[in-house]
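Chemist: Chain by chain, the residues run as shown.
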Amino acid sequence: MDDDMIDEVVGEFLVESYEALDQLDQDLLALEDDASPETLAAIFRTMHTIKGTCGFLGFAHLESVAHAAENLLSPLRDGELAVTPEITTVLLSAVDAVRAMLVMIERTGGDGESEHPELVAELQRLQDPAESTPPPPPRVGDLLVEKAGVRPEDVELAISEQALGDERPIGEILVDHGVVAAEEVEAALNTQSEHKGAALSESTIRVDVRLLDDLMNLVGELVLARNQIVQLSGAADDESLTVPAQRLNHITTELQEGVMRTRMQPIGNVWNKFPRVVRDLAHSFGKQVQIEMDGADTELDKTIVEAIKDPLTHLVRNSVDHGIETPEQRRERGKSPDGRLTLRAFHEGGQVIIEIADDGAGIDVTRVGAKAVERGLITPDALDSMSQRELVNLIFLPGFSTAEVVTNVSGRGVGMDVVKTNIERIGGTLDVTTERGQGSTFRIKIPLTLAIIPALVVGCGEERFAIPQVSLLELVRIDGARLGTEIEWIHGAPVHRLRGRLLPVVDLATELQLGGVPLAERPAVNMVVLQADGRRFGLVVDEITDTQEIVVKPLGTQVSELGVFAGATTMGDGRVALILDVLGLAQRAHIVTEGADGLSDAVDELGTDVAAERDTVLVVDVGGGHRAAVALSTVARLEQLACRDVESSSQGPVVQYRGELLPLVPLAAAAGIGTPTPIARGEEGLLEVVVCSGPGGQIGLVVDRIVDIVEENISASRTGDAANGATFVAVVGGQVTDVVDVDALVGTHAHSRPYELLAPVAG
Amino acid sequence: MQYGTFTLDGLLFGIEVSRIQEVIRAQQMTRVPLAASVIGGLINLRGEIVTAVDLRRRLELPPRADGVPPMNVVVRTRDGAVSLLVDEIGDVVEVSADSFEEPPGTVSGVALSLIRGAHKLDGRLLLVLDTDRAIHVSALQPA
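Chains as they are written, first to last, in numbering that gives the first Met the number 0: chain A, 0 to 762; chain B, 0 to 142.
A portion of the hints provided could be inaccurate.
[What the hints assert, rightly or not] Straight-line Cα separation of at most 16 Å, EDC-like style, residue types lysine to aspartate or glutamate; simulated pairs:
#: 1; chain 1: A; residue 1: K444; chain 2: A; residue 2: E423
#: 2; chain 1: A; residue 1: K370; chain 2: A; residue 2: D383
#: 3; chain 1: A; residue 1: K552; chain 2: B; residue 2: E47
#: 4; chain 1: A; residue 1: K552; chain 2: B; residue 2: D78
Think of the hints as simulated: they come from the structure by calculation, not from any bench.
Computed from a predicted structure; not experimentally measured.
Take the sequences, apply the hints, and build the full model.
Modeler: Next comes the structure, spelled out in C-alpha cells:
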C-alpha cells in the first residue's frame, strides 16, 4: 500500500472509531442501569474492532489499551464477572484514553508516547484472572472452516490477499478461488449477522457536507427563481404559463424539502454526550442525577445542531451545578435523593422546542433580584416594579452569576447571557420558568433551518424589508377615526392598547431615518406586532406586501455592523431587500434594555389572555407558497375530484357531488390571495377540494395542497380591507396565514335550491 | 504591471488587474438605511449580495452629477466581493515600475492614505488606489 492509501485507511479508521466511541459512552452508562447481554456484547464488539484495526495499522500503544479493555469486557459479556461502578469508571477512562490517542493519531500520525501502564494495570486487576483469553467473535472465515469444510490454509491465503490490498470481502475471494460456493458464504454471513445483531444498513452512504451546502445554495437560488416565475405567471394571466409555473412551484417545494431533509440530524447526536457529562459532573459534586431524554430523534438542520451544541451543554451543566441539590438536601426536602434532569425535544409550528428541566431547588427570585441590584445591573426602584418572570430573566443579564461559590464548572466566564445570545444569533429564543423547590425549565425555541426562512415582506418609504416570521405575532391595522384614540403618547413615546395592554410602538421610518410623514399625522397605520427577547412591540410600516420563503444571504462587514439587519435576500424582481434583525431593532429602539422599562410584557400573561380562543383550523396551500386557513368546523369533507368531472354552469365551474351540484371556487381567487390555480376542465389530474358547508349550502374550495390541521389561539386582527372582506390575516403555526371566512364565501357562491341537480324526470 | 483604469471626477485611477473580478454597468441599488454615505448600497450580483462603496465619497471628491449612473468595478476581497462605484471605465494599462513615484508631500488628507502613488503616463498621471484601504469602511462612520 502506498502512503495515500494508508492515510485513507487511517482516516476511515478514525471516523469510524470516533463514532463507535460515542456509542460506547452511551452503552457503558446504560450498563449502570441495566447490564443486558446485548449491551455488553455491543461494547465488546466495538472495543474488539478498534483493537483489531489498530493492531493492523500498527498503533501498538492504542492496541494494548484496547486489548486490555477487551480482556476485561470478555468475562463481563460472558456473565463471569458482574458490572460494578468501579469497572464502569475504569472502562470509561479506557474510552477516554483511546479517544485521546485517536486525536493524537489525527494530529501527528502516531498514537503518542504513553502506554497508559496504570490504566492497563487497572483493567487487568479488575478482570477475573482465570479468564484472560477472550474467545474470538465468529469470523466468516472461521464459520466457513467450521460449516462448509473450507481448509484453514485457504482462509489464510485470502486474508493475506486482503492485506495486500484486495478490498473484496473474504467470502468473495474464497468464492473466486473456487474453494467454496457462494450460497455457503451467504449462509455464513447470515450466521454472523445474527450474532452481530442488526447488520449495518447498506441503504445509507456518507456524503461530504460541502456538497450538501452547495446543493442547499443551489436550491436557494432555485426558490428565488421560482418566486420570480410564479409572480410573472400570476401577472401574465396566461394559462400556458400558469400550469408549468404551478408545476415548477410544486417541484421546487419538494426539492427544497428533500435537500433540507438530507441536512437534518437528530438532536440525539448532541444529547449523546450528555449522560457522560452529567455523570461526571454529578460525581464531582457528590450529587446523584438521573438523566432522561425524550425526542432524541427530533431532527434539525446540521448547522443548527452545531450551533446549539455549546449553549445546550452549558444549560445542562448549569442544571446539575445550580439546579439539582445534594442527596442530603433533597432528603430534607422530602424528595428522592436522585435528582432528575429531563431533556425533551419536539416540533411545534415549524420550529423545534428543546426543554431542559430539572426537579431541583428552582431559582430564588428574591436572591436573583438582590444580586442584580448588588451588581448594579438594575436600580432598587426598578426591582420593586418587576414581575416574577422579569426577575427570573435577570439571570440572562451580562455580568450576572448567582453561584455563591464559583465552581470549576460554571465559573468559566461563560454566563447565561452568552448562552442566550448564542441562541438568539441563530434566530432562536431562550426562556426559563421556575418554581421554588420544584425545579426549573429552560425552553429553547429554534428554527428548523437557517438558510431558507418564511418571512413577511413589508414596505417602508421606497424600501422593502423582510421580517423573519419567527418573531412575528400578529398584524394590526388602525385607520382614520380610531387613530387618534388608539395610538396614545406617553411623554413622546407612542403606545397602542392591544387587548387592554400597552404595546410600545416603534415607527420603522423614524428608526431607520427614512423620513416621511410623522406618525401622528398619518391617515392609517399598519403595525406588525413583533416579539424580541420576550417583549412585544408594534412596528409601524407603510405597507404589508406579502409573505414568502426567502433565502438568507450574508451581508458584508461594512453593513452588518449596523446591528439592525440580519442579512439580505433577493426578491422576485431581482432587487435586494434587507432582512430586519428584530432583536437589534428592538435594542436600537430601547424596547429591549437592561432591566425593566415598565412597558414590557410578560409572555405568561399573554398566554392566558387569549387562551380561551383556541381554534382548530385546516391550513392549505393556495398556490405560490401562500397559506390560507379555514375553520375546521366549517369543513364537511376533503375530496380529490377528477378534473374531467368538472362541468361549466352559468355560475362557474361545478361538479356533481353526492347528488347535488357543488360549485367549485378556487380559494386563491375568491379570497384574493396567492396565485389562483386554474381549473383545467376535461384534463387528466385531480383537484384538491375542501368541501365546506355554510348557511347557504355547500361549496368546494379548490386548493393546491392540504398542509396541516392546527389547533391554536388565532390572535387575529383584520388588516384593513382584504379582498371582499372574506379574509383576515393571522399567525397560524408560526406563519402568517390568511384566515378565510367560509360563511361569507358560501353566501356568495353557494347555489341555492333552484340549482339542485334535477332528478331525471320519469316518463 | 497591469492596471485596470477608471475615472473619478476627471482623475485617472488604477487597480491591479488581478484584484478585479469583473466590471459591470450601473445596477439596481438597494439603499442601506443608517449606513454612512460611502456605502452606495447593495447590488444583486448573480444571487450574491455585494456591498457597493461610492469611491467619490470615499475619496471626498464632489458628488457625481445627478442622472449619471455609476459603473461597478467588482473587486475580490477576503470577505467576498465588493463593488467600487466609479464614473467611467478606462483601458487596461501596462506600466513599468520605473514610472512610479510616491505621492509628494503636498498630497494630504484622505488621498494620502488611499493613493499609493502615481505612474507618470504620457500627458497623464495614473493614480494607484490602495484597494484594501478603500474598501475598508465602517458603515458607522459619520456621513
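Chemist: Work down the list of hints and note, for each, if the structure agrees.
Modeler: Taking the hints in turn, this is what the structure says about them:
1. A:K444 x A:E423: Holds, because 9 Å separates the two Cα atoms, which is no more than 16 Å.
2. A:K370 x A:D383: 14 Å, holds
3. A:K552 x B:E47: Given that 16 Å is the threshold and the Cα spacing comes to 7 Å, the pair holds.
4. A:K552 x B:D78: 13 Å, holds
Of the numbered hints stated above, none is contradicted by the structure.
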